[in-house]
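A.B. asks: Each chain, written out:
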Amino acid sequence: MTTLQRHHLNRRRLLAAAGASTLGVTLATSLAGCASSALPGRARVVVLGGGYGGATAAKYVRLFSQNTLDVLLIEPNAAFVSCPISNLVLSGHRTLAELTVPYSSLEKNHGVRHVRDTVARIDPVARKVVLASGPEIGYDKLIVSPGIDLNFDAIEGLRAASAAGSILQAWKAGPETTALRRQIEALPDGGVFAITLPEAPYRCPPGPYERASVVAAYFKATKPRAKVLVLDANPDVTSKAGLFKKVWAEQYGGTLEYRPNHKLVGVDAASRTLRFDLHDPIQADVLNVLPPMRAGTIALQSGLANVGGRWAGIDYLSFESTAHRDIHVIGDAIQLAPGMPKSGHMANNHAKVAAAAVVSRLAGWDLNPAPVLTNTCYSFVDGQRVVHVASVHEYVAAEKTYKPVAGSGGLSTAPSEQEGRYAWNWARTIWSDALA
Amino acid sequence: MPTRSLLILLPALLAAPLALAQADPGALAQRALAATCANCHGTDGRALPDSVVPGLAGQSAPYLADALKAYKRGERQATVMHQIAKGYSDAQLDALATYFATRPR
Numbered sequence: 000m001t002t003l004q005r006h007h008l009n010r011r012r013l014l015a016a017a018g019a020s021t022l023g024v025t026l027a028t029s030l031a032g033c034a035s036s037a038l039p040g041r042a043r044v045v046v047l048g049g050g051y052g053g054a055t056a057a058k059y060v061r062l063f064s065q066n067t068l069d070v071l072l073i074e075p076n077a078a079f080v081s082c083p084i085s086n087l088v089l090s091g092h093r094t095l096a097e098l099t100v101p102y103s104s105l106e107k108n109h110g111v112r113h114v115r116d117t118v119a120r121i122d123p124v125a126r127k128v129v130l131a132s133g134p135e136i137g138y139d140k141l142i143v144s145p146g147i148d149l150n151f152d153a154i155e156g157l158r159a160a161s162a163a164g165s166i167l168q169a170w171k172a173g174p175e176t177t178a179l180r181r182q183i184e185a186l187p188d189g190g191v192f193a194i195t196l197p198e199a200p201y202r203c204p205p206g207p208y209e210r211a212s213v214v215a216a217y218f219k220a221t222k223p224r225a226k227v228l229v230l231d232a233n234p235d236v237t238s239k240a241g242l243f244k245k246v247w248a249e250q251y252g253g254t255l256e257y258r259p260n261h262k263l264v265g266v267d268a269a270s271r272t273l274r275f276d277l278h279d280p281i282q283a284d285v286l287n288v289l290p291p292m293r294a295g296t297i298a299l300q301s302g303l304a305n306v307g308g309r310w311a312g313i314d315y316l317s318f319e320s321t322a323h324r325d326i327h328v329i330g331d332a333i334q335l336a337p338g339m340p341k342s343g344h345m346a347n348n349h350a351k352v353a354a355a356a357v358v359s360r361l362a363g364w365d366l367n368p369a370p371v372l373t374n375t376c377y378s379f380v381d382g383q384r385v386v387h388v389a390s391v392h393e394y395v396a397a398e399k400t401y402k403p404v405a406g407s408g409g410l411s412t413a414p415s416e417q418e419g420r421y422a423w424n425w426a427r428t429i430w431s432d433a434l435a
Numbered sequence: 000m001p002t003r004s005l006l007i008l009l010p011a012l013l014a015a016p017l018a019l020a021q022a023d024p025g026a027l028a029q030r031a032l033a034a035t036c037a038n039c040h041g042t043d044g045r046a047l048p049d050s051v052v053p054g055l056a057g058q059s060a061p062y063l064a065d066a067l068k069a070y071k072r073g074e075r076q077a078t079v080m081h082q083i084a085k086g087y088s089d090a091q092l093d094a095l096a097t098y099f100a101t102r103p104r
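Listed in order, the protein sequences are those of chains A and B.
So that you can map any letter, position 46 of the first sequence is 45 in numbering that gives the first Met the number 0, and since no number is skipped, the others follow by simple counting.
So that you can map any letter, position 24 of the second sequence is 23 in numbering that gives the first Met the number 0, and since no number is skipped, the others follow by simple counting.
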């Protein structure tokens, strides 16, 4: 008998001892039929967070279990808003509405129940989550996809400036994206848009460089004397460096300036000033400050972020937390394996490995010993042309981690409009893969 | 205010291992491998109606296997696919071809 089978047997005994009185209760919408909706023996998977990771996990647990597992997705918003492509909202090439997909198809097409709430607390011993509005939901397996938390306190003055709306991040797509677009639109010809990057790792390695590029394209077309200033805490461009630097030199010579080794330590909203550890302060008209990042709040609060108090440690074969049994963590919140970026595509692939692991565990099967992950990341360099980086990651059992497959993956040779069409196609397809 | 106690949803203790009809760990692993293609080619290889990359579902297995291996060997040009195909063993590419051939379009 395997450990997993023993685990199930022990749980059956536990259930029998408890008089099998547990209710497999559905949600508040059907509380009137609470007792009659009990389905003893039907396991429940709860998913926290409906981003690229969580939405995909919810759908794929249903698919991989042939709809035999109950799946609840706890996500406060009615619709998903994509971070990838949202830089094009800042440059005026796309609207936020084009990047918004409702969660309703997950329920209609796959029977995922969407609970519009946030989680106040996880109880890993009782295996339940406590919603912000009060109710508790028990789980057999919990998949936590909390995304990132922006560490405002790492930059002096930033928390207040961000709360006041004067220094924005727009690193989670939504109303803040629209607000930053308004600031960029209002920037006068001859003004400066400054974007600061934290040290890696952070969400979406090429994202800040894409943002700088497409805003430069907007300036070049509409206010040719305006400038983009990229102030990077890292010693060099962290992703697609050769491609971005070539585009900047060829296309944005007088518009975009890149400065490495600029580690931000403080901001002053009133004078719109950035202060660095080693360099002189810099003033600009619009400041876009990306502070250091860490696993989403619920992961920090529940002890899941057990790697340096910042990222969630996992067993890479199953994505199960190294802190708590029966809890799987996916997406940007995890401690990365070598060569793995914090990206939406990667989170979607984490979700599928975690979903298969959850189904296997609940079915009493051994885990797939050789999971595979892919990543394809497109970046716009202007409104139409795109460059990509792609990779394939295999599980290396001897080292208990993923590594890029030798000889696989690579970059674009040059920006192209063809890849621009592929990028938009990728976005619509992955939204459909996660949400429809 | 609703009665709080009614809203408490108790843990759903699993009474028995899942009974998955017509499934085994190998079939799940194959399906999970195929899911690594879904980001660009659609869930179960069903591309969006106006997709600029091809759907994989329902295509012939030998055709898919040949195409994937041609990408892998660099005999077939692409922007991304030749880089992705190099990440899979020939056996994995055969498994993908077999899986997608059996999917409804």
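Hints were generated in silico from the structure; no laboratory data involved.
What you are looking at is a predicted structure, and each value in this text was computed from that prediction instead of being measured.
Every residue, glycine too, gets a C-beta built ideally from N, C-alpha and C.
A few of these clues could be false.
To be verified - Cβ pair distances, simulated, as ranges:
1. A:Gly-307 - B:Asp-65: 46 to 54 Å
2. B:Pro-61 - A:Val-395: 50 to 58 Å
3. A:Pro-337 - B:Pro-103: 48 to 56 Å
4. A:Gly-265 - B:Gly-57: 36 to 44 Å
5. A:Ala-125 - B:Glu-74: 30 to 38 Å
6. A:Asn-108 - B:Ala-26: 54 to 62 Å
What the hints assert, rightly or not - The list that follows gives simulated cross-link-like pairs (lysine to aspartate or glutamate, EDC-like), each with its CA atoms no further than 20 Å apart:
7. A:Lys-244 - A:Glu-416
8. A:Lys-402 - B:Asp-89
9. A:Lys-226 - A:Asp-188
10. A:Lys-226 - A:Glu-249
11. A:Lys-262 - A:Glu-249
12. B:Lys-68 - A:Glu-393
13. B:Lys-85 - A:Glu-393
14. A:Lys-402 - A:Asp-279
15. A:Lys-262 - A:Asp-235
A.B. asks: For each hint, tell me whether it holds in the structure or not.
C.D. replies: Hints and how they fare:
Between A:Gly-307 and B:Asp-65, the C-beta spacing of about 48 Å keeps the proposed range 46 to 54 Å intact. The beta-carbon spacing between B:Pro-61 and A:Val-395, approximately 31 Å, falls outside the hinted interval of 50 to 58 Å. The given range of 48 to 56 Å is broken by A:Pro-337 and B:Pro-103, whose C-beta atoms sit roughly 38 Å from each other. Separation of A:Gly-265 from B:Gly-57 is about 59 Å and departs from the stated range, judged on CB atoms against 36 to 44 Å.
Hint check: A:Ala-125 to B:Glu-74, Cβ distance near 57 Å, so the stated range 30 to 38 Å is violated. With their beta carbons about 22 Å apart, A:Asn-108 and B:Ala-26 fall outside the hinted range of 54 to 62 Å. As the CA atoms of A:Lys-244 and A:Glu-416 are separated by approximately 18 Å, the hinted pair is consistent with the 20 Å bound. Of the pairs offered as hints, the one joining A:Lys-402 and B:Asp-89 holds, with about 19 Å between alpha carbons and a cut-off of 20 Å not exceeded.
For the suggested pair A:Lys-226 and A:Asp-188, the alpha carbons sit about 9 Å apart, so the restraint of at most 20 Å is met. With a C-alpha separation of about 15 Å, the suggested pair A:Lys-226 and A:Glu-249 falls inside the 20 Å cut-off, and the hint holds. Restraint check for A:Lys-262 and A:Glu-249: not satisfied, since their Cα atoms lie roughly 27 Å apart, outside the 20 Å limit. At most 20 Å may separate the alpha-carbon atoms for a hinted pair to count; B:Lys-68 and A:Glu-393 meet this at roughly 18 Å.
The hinted pair formed by B:Lys-85 and A:Glu-393 meets the criterion: a straight-line CA distance of about 12 Å does not exceed 20 Å. With a C-alpha separation of about 40 Å, the suggested pairing of A:Lys-402 with A:Asp-279 is violated against the 20 Å cut-off. Under the criterion of a C-alpha separation no larger than 20 Å, the hint pairing A:Lys-262 with A:Asp-235 is consistent with the structure, at around 12 Å.
Checked against the numbered hints above, the structure breaks hints 2, 3, 4, 5, 6, 11 and 14 and satisfies the rest.
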